[in-house]
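Asks: Sequence:
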Amino acid sequence: MADKEALYLKLPVTLQNIFCSLEGWRIKRSRFGGAFQTLLLEAESRTFWSVEHIQAYCDQRLRAFIRHCAHTVPFYRRRFQECGISPNDIQTLKDLQYLPILTKEEVQVHYPELVSEAVPKEQQIITHTSGTTGGGLRFATTLRAAQEQWATWWRYRRWHGIQLGTLCGYFGGRSVVPLSQSRPPFWRYNIPGKQIMFSAYHMSPANLGYYIDELRRRRPPWLHGYPSLLALLAAYILESGIDLGYEVRWVTTGAENLLAQQAILIERAFGVRPKQHYGMAEAVANFSECEYGALHVDEDFAAVEFVPHPSGLGFKVIGTNFTNLATPMLRYDIGDIVTLSDNVCTCGRPGRVVATVDGRNEDYVILKSGARIGRMDHIFKDMVNIREAQIYQRRIGELIIRIVCGSRYNEDDEKVLLREVRKRVGEDTEILLEYVNQIRRSRTGKLRLVISEIEQGKLEKSGCL
Numbered sequence: 015m016a017d018k019e020a021l022y023l024k025l026p027v028t029l030q031n032i033f034c035s036l037e038g039w040r041i042k043r044s045r046f047g048g049a050f051q052t053l054l055l056e057a058e059s060r061t062f063w064s065v066e067h068i069q070a071y072c073d074q075r076l077r078a079f080i081r082h083c084a085h086t087v088p089f090y091r092r093r094f095q096e097c098g099i100s101p102n103d104i105q106t107l108k109d110l111q112y113l114p115i116l117t118k119e120e121v122q123v124h125y126p127e128l129v130s131e132a133v134p135k136e137q138q139i140i141t142h143t144s145g146t147t148g149g150g151l152r153f154a155t156t157l158r159a160a161q162e163q164w165a166t167w168w169r170y171r172r173w174h175g176i177q178l179g180t181l182c183g184y185f186g187g188r189s190v191v192p193l194s195q196s197r198p199p200f201w202r203y204n205i206p207g208k209q210i211m212f213s214a215y216h217m218s219p220a221n222l223g224y225y226i227d228e229l230r231r232r233r234p235p236w237l238h239g240y241p242s243l244l245a246l247l248a249a250y251i252l253e254s255g256i257d258l259g260y261e262v263r264w265v266t267t268g269a270e271n272l273l274a275q276q277a278i279l280i281e282r283a284f285g286v287r288p289k290q291h292y293g294m295a296e297a298v299a300n301f302s303e304c305e306y307g308a309l310h311v312d313e314d315f316a317a318v319e320f321v322p323h324p325s326g327l328g329f330k331v332i333g334t335n336f337t338n339l340a341t342p343m344l345r346y347d348i349g350d351i352v353t354l355s356d357n358v359c360t361c362g363r364p365g366r367v368v369a370t371v372d373g374r375n376e377d378y379v380i381l382k383s384g385a386r387i388g389r390m391d392h393i394f395k396d397m398v399n400i401r402e403a404q405i406y407q408r409r410i411g412e413l414i415i416r417i418v419c420g421s422r423y424n425e426d427d428e429k430v431l432l433r434e435v436r437k438r439v440g441e442d443t444e445i446l447l448e449y450v451n452q453i454r455r456s457r458t459g460k461l462r463l464v465i466s467e468i469e470q471g472k473l474e475k476s477g478c479l
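Mind the numbering: the sequence shown is residues 15 to 479 in this note's numbering, read in order.
Because the hints were derived from the structure by calculation, they are not lab data.
Every residue, glycine too, gets a C-beta built ideally from N, C-alpha and C.
Hints may contain errors.
As the list claims (entries may be wrong) - Restraint-style ranges between C-beta atoms, simulated for each label pair:
hint : residue 1 : residue 2 : range
1    : TYR260    : THR28     : 25 to 33 Å
2    : GLY384    : VAL321    : 39 to 47 Å
3    : VAL321    : LEU55     : 31 to 39 Å
4    : LYS429    : HIS124    : 20 to 28 Å
5    : GLU136    : ASP103    : 31 to 39 Å
6    : GLN95     : LEU21     : 42 to 50 Å
7    : PHE62     : ILE115    : 27 to 35 Å
8    : GLU444    : SER218    : 12 to 20 Å
Stated by the list, open to error - Capping the alpha-carbon separation at 25 Å, the derived lysine-lysine pairs in DSS-like fashion look like this:
hint : residue 1 : residue 2
9    : LYS437    : LYS382
10   : LYS135    : LYS18
11   : LYS437    : LYS472
12   : LYS42     : LYS208
13   : LYS330    : LYS108
14   : LYS135    : LYS42
15   : LYS208    : LYS18
16   : LYS437    : LYS18
17   : LYS382    : LYS472
18   : LYS429    : LYS18
19   : LYS382    : LYS24
20   : LYS382    : LYS429
21   : LYS437    : LYS24
22   : LYS208    : LYS24
23   : LYS18     : LYS42
24   : LYS24     : LYS429
Start from the sequences and build out the full structure, keeping to the hints where you can.
Replies: Encoded structure:
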């Protein structure tokens with residue numbers, strides 16, 4: 015994968031666009047082919063089921079999933095024996111409390127035992143995530159599980175009128191433009207996926223005008239991406255007094271929390287309130303925002319528990335991914351904290367309502383060019399021998415990376431880490447690695463991945479007018 019990306023970054027822009035489109039075609043065929051349309055229609059048919067109906071559906075799937083785990087997954091065969099319980103003891107969501115909570119570290123250490131014996135290797139798709147702790151996690155899923163997740167995400171988008179095939183201006187963390195490139199275009203095209211993929215690593219004040227010019231030229235009605243990046247663009251539009259010159263119909267966000275000040279900036283700049291959803295690669299929970307602004311738990315997608323946090327400041331999100339038969343995760347601790355709402359949403363959807371999510375708030379990393387980068391988790395996605403990591407910036411041009419090593423971490427891991435960081439911050443940034451036994455948490459026990467001591471890098475300050 016590293017060699018493939020290195021080759022891509024050396025190609026001329028025209029060939030990079032062809033490569034992006036070929037990859038976009040592959041992804042489109044995988045995600046949206048086969049059973050996807052059926053899964054989407056089935057998911058949409060459940061949108062307004064009653065609470066009782068959706069609970070019965072969830073419990074039915076959960077019981078089948080528990081049997082699958084107990085009979086085909088070595089880790090769970092042992093866990094059920096150690097707990098002295100039978101799969102038949104778990105009939106409903108409430109019964110999951112009989113099992114211990116599964117941690118990310120346990121998945122990293124015991125991964126081979128967590129793969130189901132019933133899913134042939136040729137049917138397994140390897141995916142990865144870093145989450146909010148910076149520790150890498152690679153695990154198997156299946157094509158059907160991936161399509162069901164995307165069906166749930168497109169159900170939410172279609173609630174708001176976005177259809178497959180809508181042209182999208184995408185602001186995410188993929189390295190589509192070489193960091194060394196100093197002149198536009200700072201974007202690449204995924205033609206089959208109908209995406210203009212804007213670089214997150216070139217969004218300096220000197221370059222943002224080019225981004226605006228491309229938006230005016232292509233006029234994508236839908237903008238999607240990290241709220242930290244969309245808020246940067248929105249702040250630039252407002253501070254410069256720019257008229258975008260066309261109507262943006264939808265703005266959606268993901269991967270990070272959408273903060274109140276970011277939502278205000280985005281709405282003022284683009285004339286539309288951003289919508290958000292909460293999901294993750296592990297597929298153990300999903301929340302989707304309805305047209306009234308309520309964040310509903312997608313109860314039909316995963317078994318989600320809210321366990322009181324010891325601090326008393328909210329609830330831990332504990333999820334069970336009953337769509338993924340390849341690597342089942344029972345009672346997986348995502349590491350995020352939420353508060354819940356007692357309000358009954360007038361939209362009529364049955365899912366519980368989440369008021370706030372704490373766990374994905376990151377400061378910006380500021381490059382010497384002035385570009386501000388939000389969401390740096392891509393660096394750690396394949397770093398399975400890192401337990402936790404944190405990026406700390408006290409001055410422009412320098413990064414301190416704090417690392418809690420796993421037992422198998424070695425010099426090769428360090429070289430890979432430095433290479434991944436360099437791809438995103440360039441050769442002119444000083445990188446200091448600091449190996450520690452533990453990383454300080456917030457009072458709710460959260461680990462923030464990026465912390466900046468630079469005023470314009472602080473998330474709570476950035477973008478405020």
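Asks: If you check the beta carbons of GLU444 and SER218, does the distance land in 12 to 20 Å?
Replies: 19 Å, holds
Asks: Would you check the hint for LYS437 and LYS382, treating anything up to 25 Å between C-alpha atoms as holding?
Replies: Holds: LYS437 and LYS382 sit about 14 Å apart, inside 25 Å.
Asks: Take a look at whether the Cβ-Cβ distance between LYS429 and HIS124 falls inside 20 to 28 Å.
Replies: 27 Å, holds
Asks: Please verify whether LYS135 and LYS18 have alpha carbons no more than 25 Å apart.
Replies: 23 Å, holds
Asks: So the hint says 31 to 39 Å: do the beta-carbon atoms of GLU136 and ASP103 match that?
Replies: About 34 Å separates the Cβ atoms of GLU136 and ASP103, which means 31 to 39 Å holds.
Asks: Take the C-alpha atoms of LYS437 and LYS18, compute the straight-line distance between them, and say whether it is at most 25 Å.
Replies: 14 Å, holds
Asks: Keeping to a limit of 25 Å between CA atoms, is the pair of LYS135 and LYS42 held or broken?
Replies: With Cα atoms ~22 Å apart, LYS135 and LYS42 stay inside 25 Å; holds.
Asks: Is it true that the CA of LYS429 sits at most 25 Å from the CA of LYS18?
Replies: 18 Å, holds
Asks: Mind checking the alpha carbons of LYS382 and LYS429 for me, to see if they're no more than 25 Å apart?
Replies: 23 Å, holds
Asks: Taking 25 Å as the top limit, are the C-alpha atoms of LYS437 and LYS472 close enough?
Replies: Since the Cα atoms of LYS437 and LYS472 sit roughly 23 Å apart, the hinted pair holds (cutoff 25 Å).
Asks: For the pair supplied as a hint, LYS208 and LYS18, confirm whether the alpha-carbon distance does not exceed 25 Å.
Replies: Within the cut-off at roughly 23 Å; holds.
Asks: Verify the proposed pairing of LYS330 with LYS108, using a straight-line Cα cut of 25 Å.
Replies: Distance ~15 Å between LYS330 and LYS108 Cα, so the pair holds.
Figure legend: structure checked against the earlier numbered hints; every hint is met.
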